[in-house]
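In the order they appear, the protein sequences are chains A and B.
1 is the number of the first residue of the first sequence in the working numbering; add one for each residue after it.
1 is the number of the first residue of the second sequence in the working numbering; add one for each residue after it.
By construction, these hints were calculated from the structure, which means they are not laboratory data.
As the structure is a computational prediction, the values presented were derived from the model and not from experiment.
Check each hint, because a few of them may be wrong.
To be verified - Using 27 Å as the maximum straight-line C-alpha spacing, the simulated DSS-like pairs for lysine-lysine come out as follows:
1) A/Lys170 x A/Lys124
2) A/Lys87 x B/Lys114
3) A/Lys87 x A/Lys124
4) A/Lys170 x A/Lys87
5) A/Lys170 x A/Lys218
6) A/Lys245 x A/Lys218
7) B/Lys37 x A/Lys124
8) B/Lys114 x A/Lys170
9) A/Lys170 x A/Lys156
10) A/Lys277 x A/Lys245
11) B/Lys114 x A/Lys156
12) A/Lys156 x A/Lys124
13) B/Lys114 x A/Lys124
14) A/Lys287 x A/Lys245
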Amino acid sequence: MTGAMTASTRTASEELGDNPICASDVVVRFGATAALDHFSVDVPRGVVGLLGPNGAGKSTFIKAVLGLLDAESGRISVEGLDPSSDKMAIRDLVGYMPEHDCLIEAMTGVELVSYMGQISGMAKQDSIPRSHEVLDFVGLNEQRYRPISTYSTGMKQRIKLAQAIVHDPKIIFLDEPTSGMDPQGREEMLDLIGRIAATDKSILLSSHILNDVEMVCKNVIIVSNGKAVTQGGIESLLSQGTERKRVVLRGQPDAFARFMGMLSSEHEVLSVSEEFKQYTVVFVNTKESTSVFELAHQFGVQLRSYLPDRFDLEDVFIDALKGAC
Amino acid sequence: MGLNPVEYRPWNGQRNRQARRFLVVAESIFHHDLRSKWFLAVLIIGTFLAFALNIYLVSSSPHESLTPELMAGQMQNALFYIFLVILVSIVCSDLLSEDLRSNSFVLYFSRALKPEGYLLGKLTGAFITLAIFGLFPSLILAMAVTATQSGSDYLASAEVMLETVVAGLWVTFFFIPIALLISSLTARRTYAAVGTFMVLFVPGIISGLFVQFDHNWRLLDPSSVLAMSMDVIYGLGLPAEVDAWLFYAAIFAFIIPPLTLVYWRIQRKGVGK
Chain A
1 MTGAMTASTR TASEELGDNP ICASDVVVRF GATAALDHFS VDVPRGVVGL
51 LGPNGAGKST FIKAVLGLLD AESGRISVEG LDPSSDKMAI RDLVGYMPEH
101 DCLIEAMTGV ELVSYMGQIS GMAKQDSIPR SHEVLDFVGL NEQRYRPIST
151 YSTGMKQRIK LAQAIVHDPK IIFLDEPTSG MDPQGREEML DLIGRIAATD
201 KSILLSSHIL NDVEMVCKNV IIVSNGKAVT QGGIESLLSQ GTERKRVVLR
251 GQPDAFARFM GMLSSEHEVL SVSEEFKQYT VVFVNTKEST SVFELAHQFG
301 VQLRSYLPDR FDLEDVFIDA LKGAC
Chain B
1 MGLNPVEYRP WNGQRNRQAR RFLVVAESIF HHDLRSKWFL AVLIIGTFLA
51 FALNIYLVSS SPHESLTPEL MAGQMQNALF YIFLVILVSI VCSDLLSEDL
101 RSNSFVLYFS RALKPEGYLL GKLTGAFITL AIFGLFPSLI LAMAVTATQS
151 GSDYLASAEV MLETVVAGLW VTFFFIPIAL LISSLTARRT YAAVGTFMVL
201 FVPGIISGLF VQFDHNWRLL DPSSVLAMSM DVIYGLGLPA EVDAWLFYAA
251 IFAFIIPPLT LVYWRIQRKG VGK
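Starting from the given sequences, assemble the full structure and let the hints guide the process.
The structure is reproduced here in structure tokens:
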């Protein structure tokens, strides 16, 4: 799955399938710089992680989806709607939790959430009970009656989540939802996201913390230099390295060198490292494992362990970025 | 989170029309200002000094009917003008500066609210709040004078009362675009309040220096332009030495360019610039 995505030639009707958000060949420029450069992506339903380094184009993509930025070319579809002509209808479908501080600090928590609910079209008599409901959900108790200026970072993150879901949007954008939170708060925030996702919401979670994405997302999109370089299910991305093996060996240096000479002639060796006279070799083995054991025995090196070298999301992320470069 | 976490529950209510959502912003400003001690203090003192005494004095002295001269004089009263400027500074100073400071534009514009709706909401909120001082006391004065008049020409008094409604609406609105502009240029409420006060007073000092050379220099001063527009609304006409075209150009300059600039600032902030 890793590797640069080619420019898509799909038609709009194909894009409008089951996926809530589709983008095809989208170009957004700031002056001479292309913030999105022929960006093509299909965001499936469920919780989707949006990964990428700073300046990769994640926020630009979200702004383009919300219709805050106009695409120079290409097509975006949000639940079948076009942000260039239906931006207000799209914004009614979407809840957005921004990354940076954006809360009106003079208001209390419940005032802000209710106010945002009303701006999203809720009647006052609906927005007040609903605000209390979502504040209960995010775990903000009596603090909701205090001005936001007195809140801790964790409380502010909870309020930001509450204002994003108060109007019960179908699609939710979460930009770094666990930013600045302590480990317990982070776990609770991820739990909240999981519980929202259980109600058939589509959630696009932008984060730098790969563990967070791995914990709650089923799918991931990796963005680099304005392009979506990888997308797919996390399980399938992580299982692509099943043929990679990691062996730990001990032995005399000359014996190890002869072993490695033979191993590399038969297999693709990915990495070799040495620590306290113990060698760790990662290689691709498409054949029977017994041949490796026999080889070790033949050259007089001890084979201490032999394990599949499972990819983690960090490997996928780094590989994707290398591929993009 | 407790042992039994609260589950997420969907909401199935009806949303109202997008075009009406600016009223939420306006209502929020109105309620916020009515809870402000400074606003209430200035409002009460200003209403007492600029209106309460006048209402008593004018209605208790003999008069035949409500005259345009009487109401124009009231609307051009220096105390009324000073308190109006102070109230405009208080009400408008945080309208945009607070959102600039907190970066909360993104909360508004990620919802179905256009920059023009946001601006209209801010404008309407400030207008309704300031109308408590700019419109209603003068209307009460006009009604009190009409109620105590000795003459029988109530039609003429009603006409002046109608002109008072127009004058009150105009006087309430006139300073808001400039104050919004100042508020959009800084993220500090205090700077915006002091800036608004200075922008509305300093041109008066400058125009005072040059008015001996040409009376049209008075048009540099927003307070003079407002005073002249009261004469126009009450049918008393512009002073002969003032050029009518320059007068209308000054009104245009005090309203349209500030609002255009504010709109441009809001739109840029909406996309994070």
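Violated hints, by number in ascending order, as checked against the structure: The structure breaks none of the hints.
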